[in-house]
Each structure stands twice: as structure tokens, then as C-alpha cells.
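Starting from the structure of chain A, add chain B where the hints point.
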Amino acid sequence: DAGVIQSPRHEVTEMGQEVTLRCKPISGHNSLFWYRQTMMRGLELLIYFNNNVPIDDSGMPEDRFSAKMPNASFSTLKIQPSEPRDSAVYFCASSIQGDEQYFGPGTRLTVT
Amino acid sequence: EDQVTQSPEALRLQEGESSSLNCSYTVSGLRGLFWYRQDPGKGPEFLFTLYSAGEEKEKERLKATLTKKESFLHITAPKPEDSATYLCAVQLRGGYNKLIFGAGTRLAVHP
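First to last, the sequence lines map onto chains A and B. For the first sequence, our numbering gives the first residue as 1, with consecutive numbering after it. For the second sequence, our numbering gives the first residue as 1, with consecutive numbering after it.
None of these hints come from the bench; they were simulated from the model. Nothing here was measured: the structure is a model prediction, and the numbers come from that model. No residue lacks a Cβ here, since even glycine has one placed at the ideal position from N, Cα and C. None of the hints are false.
Which stretches of chain B does chain A cover? Using the computed rule of at least three CB atoms under 8 Å from a CB of chain A, they are: (1) 44-54; (2) 97-106.
Incomplete in silico selection of chain A near chain B, CB under 7 Å: (3) S31; (4) F91; (5) Q97; (6) G98; (7) E100; (8) G106.
So here's chain A without its partners, still in its complex pose:
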């Protein structure tokens, strides 16, 4: 199995621009998670989906962040407009409900 696939691996953008991060979960997994990791705050859950339905988005920092899961094999996390404080590593993870989560390699986002 290819594991969780994320793209791009690195993104550098200017403040105010729209950023879209992409994730392909492991085939057969029905739960998908978006996390953000920074030195100051560690690993934080932003949102998770179960069977393509958003279950808990309480970790989404503000309305500039949105996430979609149009089908079982694809999800996006969008930031519009981006700000320097959004700079972080964003991870996608997937699991079979209730079991251990498998993480992707992450997207390192830098907003200048």
C-alpha cells in the first residue's frame, strides 16, 4: 500500500493568497484527519471526517480555513486568505474507524 499521500510537500506563498493542500487516504480507511504541527502548539487536530462527512471541526482556527472530502479517496484543506501565522506543517492521517491513525509525510507551508 502506498500509505497516505499528501501534496504539495512544500508550499511557499505570500500573505493574502489562497492555499490548497491535498490528501489521498489509505484505500479502505473510512476516517480522515487534518492536523497542524508547530513548535509552539505541537500537533493539533483541525478537523476530521467519518465516511466523508465532517464530524468535528472545532479545531479549525477561523473562517479562513475550510476542508472538504468529496469522496472516499480525496480531501482538501483550503486557507483563504493565508497569513504568516498559518506557517506550519500540515498532516493528513487516515484510519479504519476507532483504530490507529496513519499519517502522511506532511505539507510544510510558509506564508511570507
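What follows is chain B alone, placed relative to chain A:
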């Protein structure tokens, strides 16, 4: 408030020097406790899940244990390739799949 605290923040060991990492938790109801390993520039890699007090799991030089208030990750005779950040996370009862992560312990093993 549900909380996970890991200690120490950083640990430096000589190769072969055994030690333990601690993960203490205060939660409304625990469904499971997870240990992950994270190497620089990579995503966390799953190691163990523990579900009940007294449970133990082993993998090579690592052994994880669980009590009602904390978990330990014991590292026996570590090697330099064990250097990484070790994260623990709790999954709450009734909390679907949500994990709450601790800040991690950065382990450095020197030859």
C-alpha cells in the same frame, strides 16, 4: 479539561543506556492510549495502542505499559537509530476517533 503531559521534554542517552519516557493523562474517560514515533521531516509513525490498565506491548527495544493515570515507554539498550521524538495520544470514550496528543519527548541516543 482533557490533558496529556509528556516528560521529560528532551532526553539524551548513551547507546545501551536504558530509560523510560512518561505520558500522564487527565481525561473524562479513556478508550485507548497511542504511542507514535516521529523522525525529523516526517509524519508520526504508529507504534502501540494500549486499552486497559496493566496492558503491555513490546516491539524490539520498546515496551509500552499503561496504568489508570499514565503510560510509560521503556527503551532497553537503545541504539542511535532510536533517536526521534516520541508522542503519546489519548482517545476518549465516546469521542469517535479523535486523538489528543502530548507535546512529545525528543530522544537523542549517542554512540
